[in-house]
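Asks: Sequence:
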Amino acid sequence: MNRYAGRNGSFAENIRQFAEQAQAGIDATFREIVIEIGSSVIRMSPVGNPEIWAANVAFRAKNTAEADAYDANVEVRNVIKSLTPSNFTKAGKLRRGVKYAKPLTKTERDQNFNVNGLVAGKDYVGGRFRGNWQFSIDTPAEGVLDQIDPSGNVTLAKLKLQVEQLTIGQTAYIVNNLPYAVPLEYGHSQQAPGGMVRITLARFQQIVDEAIRNNQV
Numbered sequence: 001m002n003r004y005a006g007r008n009g010s011f012a013e014n015i016r017q018f019a020e021q022a023q024a025g026i027d028a029t030f031r032e033i034v035i036e037i038g039s040s041v042i043r044m045s046p047v048g049n050p051e052i053w054a055a056n057v058a059f060r061a062k063n064t065a066e067a068d069a070y071d072a073n074v075e076v077r078n079v080i081k082s083l084t085p086s087n088f089t090k091a092g093k094l095r096r097g098v099k100y101a102k103p104l105t106k107t108e109r110d111q112n113f114n115v116n117g118l119v120a121g122k123d124y125v126g127g128r129f130r131g132n133w134q135f136s137i138d139t140p141a142e143g144v145l146d147q148i149d150p151s152g153n154v155t156l157a158k159l160k161l162q163v164e165q166l167t168i169g170q171t172a173y174i175v176n177n178l179p180y181a182v183p184l185e186y187g188h189s190q191q192a193p194g195g196m197v198r199i200t201l202a203r204f205q206q207i208v209d210e211a212i213r214n215n216q217v
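Residue numbers (the numbering used here): 1 to 217.
FYI, nobody ran anything at the bench for these hints, they're computed from the structure.
All of these numbers come straight from a predicted model, not from anything done at the bench.
The beta carbon of each residue, even a glycine, is placed where N, CA and C say it ideally should be.
It is possible that some hints are incorrect.
[Unchecked claim] Computed spacing ranges between beta-carbons, pair by pair:
{"hint": "1", "residue 1": "Ala54", "residue 2": "Ala24", "range": "25 to 35 Å"}
{"hint": "2", "residue 1": "Ala54", "residue 2": "Val182", "range": "58 to 68 Å"}
{"hint": "3", "residue 1": "Gln147", "residue 2": "Phe204", "range": "22 to 32 Å"}
{"hint": "4", "residue 1": "Val208", "residue 2": "Val175", "range": "50 to 60 Å"}
{"hint": "5", "residue 1": "Val119", "residue 2": "Gln190", "range": "10 to 20 Å"}
{"hint": "6", "residue 1": "Gly187", "residue 2": "Asn116", "range": "21 to 31 Å"}
{"hint": "7", "residue 1": "Glu75", "residue 2": "Asp110", "range": "32 to 42 Å"}
{"hint": "8", "residue 1": "Ala65", "residue 2": "Ala157", "range": "20 to 30 Å"}
{"hint": "9", "residue 1": "Ala72", "residue 2": "Tyr180", "range": "24 to 34 Å"}
{"hint": "10", "residue 1": "Lys122", "residue 2": "Gln147", "range": "18 to 28 Å"}
{"hint": "11", "residue 1": "Val125", "residue 2": "Gln190", "range": "33 to 43 Å"}
{"hint": "12", "residue 1": "Glu108", "residue 2": "Tyr180", "range": "37 to 47 Å"}
{"hint": "13", "residue 1": "Gln190", "residue 2": "Val74", "range": "33 to 43 Å"}
Please construct the entire structure, taking both the sequences and the accompanying hints into account.
Replies: What follows is the structure in structure tokens.
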């Protein structure tokens, strides 16, 4: 009786299991790389902020200068009053009816001089660009999304869910089809002067190395 009978397949089974684990590890590595790339471009995407638009910056600067000029005039008037002897009693106190002028309060600067006002984008809600990153497999997504996502959380959650279908050998696309995507990538926004894609590409090898370490079989 052959005592080794029935055991000749043990190594083959181990190899098969290792191959399956290795394949799973490769797929997981690929997915993690894609998720990190997508997360990076989403996080760095600028969110429109009317506060920093040139027209609004100029408008607020003009109003602030006018408010500052008013306060400067108040200070000059108060100095003149303090240097006018007839404004004081013999005891050195201000005579009745003579008062120092008061500088503007924060509320008065807002209400009277509109130092925080906007002339453009009053009803604008930022986040459309961040919400338009689209993930697809094998062919790039077309068109744009009607999605506003200032935090990027919805877009990232969708990306992570869709990437679960990705396996090695497929081509992953992460695109943004809004017409101002290219200008934003090349410094149109003060929030992302170095772009999003270019900075992420500069980190590509670091992203790959970290994903490999995290998914070693």
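Asks: Are the hints correct? Go through all of them and say.
Replies: Verification of the hints:
1. Ala54 <-> Ala24: 25 to 35 Å: With Cβ atoms ~52 Å apart, the hint is violated.
2. Ala54 <-> Val182: 58 to 68 Å: violated (20 Å)
3. Gln147 <-> Phe204: 22 to 32 Å: holds (27 Å)
4. Val208 <-> Val175: 50 to 60 Å: violated (21 Å)
5. Val119 <-> Gln190: 10 to 20 Å: Distance hint for valine 119, glutamine 190 holds at roughly 19 Å.
6. Gly187 <-> Asn116: 21 to 31 Å: holds (27 Å)
7. Glu75 <-> Asp110: 32 to 42 Å: violated (20 Å)
8. Ala65 <-> Ala157: 20 to 30 Å: Taking Cβ atoms as reference, alanine 65 and alanine 157 lie about 45 Å apart, which means the hint is violated.
9. Ala72 <-> Tyr180: 24 to 34 Å: violated (42 Å)
10. Lys122 <-> Gln147: 18 to 28 Å: holds (22 Å)
11. Val125 <-> Gln190: 33 to 43 Å: Distance hint for valine 125, glutamine 190 is violated at roughly 19 Å.
12. Glu108 <-> Tyr180: 37 to 47 Å: holds (39 Å)
13. Gln190 <-> Val74: 33 to 43 Å: Holds: the Cβ-Cβ distance is about 35 Å, inside 33 to 43 Å.
Hints 1, 2, 4, 7, 8, 9, 11 from the list above are not met by this structure, while the remaining hints are.
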